[in-house]
Amino acid sequence: MATETSGQSVPLRVESSGAETLLMLAGRLDDAAVASCWSKAVGAARTAQDGVRVDCAKVDFCGGAGFALLMALEETLHERRKSFAVEGLPQRFRAMYEQIDRKKLEQPEVPQREEFGLVTSVGEAVVGRVDEWRGEAEFVGEVTAGLARLGHEPRRLRLREWWVIVEKAGTNALPIVALISFLMGMIMAFQAAMPMRQFGVDIFVVNLVALAITRELGPLMTAIVLAGRSGSAFAAEIGTMKVNEEVAALTTMGLSPVRFLAVPRVLAGIVVTPVLTIYSMVIGVAGGLFVMMMLGFPLATLLHQLSGSLKIDDVLAGLIKSFFFGAVVAGVGCMRGLQTGAGAAAVGDSTTRSVVTGIFLIVLLDAVFAVVYYQLKF
Amino acid sequence: MNDEKIIGVRGLTAGYAGRVILRDLSFDVRRGEIFIILGGSGSGKSTLLKNMIGLYPAMVGEVLICGEDIVGASGENRERILRQFGVMYQGGALFGSMTLAENVALPLEECTRLPREARVLLARLKLQQVGLGEFADYLPSETSGGMVKRAAVARAMALDPGILFLDEPSAGLDPITSAGLDELIRVLSRDYGITFVIASHELASVYAIGDRAILLEGGCIAAEGKPMQLRDDPPNDYVRAFFRREPERAHAT
Chain A
1 MATETSGQSV PLRVESSGAE TLLMLAGRLD DAAVASCWSK AVGAARTAQD
51 GVRVDCAKVD FCGGAGFALL MALEETLHER RKSFAVEGLP QRFRAMYEQI
101 DRKKLEQPEV PQREEFGLVT SVGEAVVGRV DEWRGEAEFV GEVTAGLARL
151 GHEPRRLRLR EWWVIVEKAG TNALPIVALI SFLMGMIMAF QAAMPMRQFG
201 VDIFVVNLVA LAITRELGPL MTAIVLAGRS GSAFAAEIGT MKVNEEVAAL
251 TTMGLSPVRF LAVPRVLAGI VVTPVLTIYS MVIGVAGGLF VMMMLGFPLA
301 TLLHQLSGSL KIDDVLAGLI KSFFFGAVVA GVGCMRGLQT GAGAAAVGDS
351 TTRSVVTGIF LIVLLDAVFA VVYYQLKF
Chain B
1 MNDEKIIGVR GLTAGYAGRV ILRDLSFDVR RGEIFIILGG SGSGKSTLLK
51 NMIGLYPAMV GEVLICGEDI VGASGENRER ILRQFGVMYQ GGALFGSMTL
101 AENVALPLEE CTRLPREARV LLARLKLQQV GLGEFADYLP SETSGGMVKR
151 AAVARAMALD PGILFLDEPS AGLDPITSAG LDELIRVLSR DYGITFVIAS
201 HELASVYAIG DRAILLEGGC IAAEGKPMQL RDDPPNDYVR AFFRREPERA
251 HAT
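Protein chains in written order, with my numbering: chain A, 1 to 378; chain B, 1 to 253.
Rather than coming from a laboratory, the hints here were simulated on the basis of the structure. Accuracy of the hints is not assured; some may be wrong.
What the hints assert, rightly or not - If you want the footprint, here are the derived chain B segments under chain A, 3+ residues with CB under 8 Å: (1) 122 to 128; (2) 157 to 166.
Unchecked claim - Beta-carbon label-pair distances, calculated as ranges: (3) A:GLN191 with B:ARG113: 49 to 59 Å; (4) A:LYS103 with B:SER97: 24 to 34 Å; (5) A:ALA249 with B:ALA17: 20 to 30 Å.
What the hints assert, rightly or not - So the derived list for chain B, only partly shown, Cβ under 10 Å to chain A, looks like this: (6) CYS111; (7) THR112; (8) ARG119; (9) ALA136; (10) VAL187.
Each residue gets a CB set at the ideal place from its N, CA and C atoms; glycine is no exception.
Produce the complete structure using the sequences and hints provided.
The following block contains the structure:
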């Protein structure tokens, strides 16, 4: 019996004479050819009554895939305790074939991970978390000390690099902050104007927008944009430095990575966020006024209403928060960057964690401020 | 080795961001030879190699791989040219989230129709060829720099390409591992007729394996010929200084 595969370049003939099976390979044994005859060849080896002989006399080229096929046949027959022989393989390929260490091709058994009990697992998790908190507390302390030291010796700030950070985190964020704030003001004014018009009090939409934008949404939206833009950028930049051992180089030079990398970024966050927040407040209120003008109110009336309703306290309440938001967003970005493990995936993880932690802390801090302002009647 | 030209570089001028690094280079690589690109640090070896594999577009000139220009190629045409060669990058460029075997099996998975069983076996075979049979299930981060390089060679060879480009294969390896890699290159060249283009400045390795070499200086070809011949009969001062490992000021004076 003899059959031939439909493979373009490697005809595989399978001949069964008595109990022995003869596989005849010919032509180029490259990946395409082997792919076309693999299952047939291995199938023949699995069903061969007795041993298998492979005739390779007409093989012109035997690539890695060809050797893999021969190895698979050999392994199959070895497991079945049948004889296997390769004949006629050209000398240059035979040498390579004989060099293959069969033992090392076997897949080693994956060692079982040691199973820990519940108590050990919980204990490990707690110790790990406490260690992380301690590291984070140390980071906060070191950044605070670094900022204090800068206050004493401002010349220690590497102004040119710091200015680049300020430009990237601040100036470059102006368009997106403006867009989001303007839209936020517009949406809020529009949504509020419709129900309030039913009661004839739609002029008070100006009070509502001004209060909400200055006290809450201006600082909050700016901080969230900053967490997404700059916090993540800090984490990715410092994380990559960590992976490339640049952070280790700083340490061995006797420079503190926190003071060298984190302090300038946190300072930039503290400086930039309030400025962006004021900008966001102005644009947000303008967005609200724009909608009111569309609804038929003259600008002079709106400005009069605005000046009567907006208090300096509202703006200050928003501004004070923004200093803390800036410090938190930049600090979290740098901290996550410095916590980066090994490999490219670790940088991605740090970036994600910086944004998630940043936004969570901003909202948490905002809630704390709400309670504190309420108690202080601010 | 025969006289058939498998790679042709014609009037190649290349660089980055408007800065010219390579100036009007022209040379050929013959089928089956081990061709070495020599040069000091910053002489443009890696830039030349990256231009030859089409990673950076040339400013002027062409790079012919098996008669087809890789510089202007796109789509399927480019893919066909890319299948002709494998590349080992200086740092290995293995994917950190995959084991060595998975790294080697990746091109097999994406570019061939081999069944899984065959891919696994083939990946292990290739790793064994570079002496890493026992480390197939290790992650790159769990292995040494030399092992990563050897695994990268195995990955470059996964599809049995006719040409292998190696960027600094011996750099950072111990003498025994380096000699093992040289031996592997020789065997692959001899038995499989693979053409090698190797950017290197490891002279011991170059003498051991190089059939022909060009020496780059300041983005131009300072000399071309057999490495031993260039060492014994240097055509100019720079070539002599390079092969005799003389410090820069010695040949400047």
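Status of the hints after comparison with the structure:
Counting residues of the region 122 to 128 of chain B whose C-beta sits closer than 8 Å to any C-beta of chain A gives 5, which meets the bar of three, so the coverage hint holds. A stretch counts as covered by a chain when three or more of its residues have a beta carbon under 8 Å from one of that chain; for the region 157 to 166 of chain B and chain A the count is 4, and the coverage holds. The given range of 49 to 59 Å is respected by GLN191 of chain A and ARG113 of chain B, whose C-beta atoms sit roughly 58 Å from each other. Look at LYS103 of chain A against SER97 of chain B: about 28 Å separates their beta carbons, and that is inside 24 to 34 Å.
Separated by about 26 Å at the C-beta atoms, ALA249 of chain A and ALA17 of chain B satisfy the suggested range of 20 to 30 Å. Below 10 Å, beta-carbon pairs count as interface contacts, and CYS111 of chain B has one with chain A at about 8 Å; its hint therefore holds. For THR112 of chain B, the shortest C-beta to C-beta distance to chain A is roughly 4 Å, which falls under 10 Å, so the interface hint holds. Here the hint on ARG119 of chain B is kept, as its CB sits about 8 Å from the closest CB of chain A, short of 10 Å.
For ALA136 of chain B, the shortest C-beta to C-beta distance to chain A is roughly 8 Å, which falls under 10 Å, so the interface hint holds. Taking 10 Å as the C-beta cut-off, the interface hint given for VAL187 of chain B holds, the closest approach to chain A being about 8 Å.
Comparing the model with each earlier hint shows no violations; every hint is respected.
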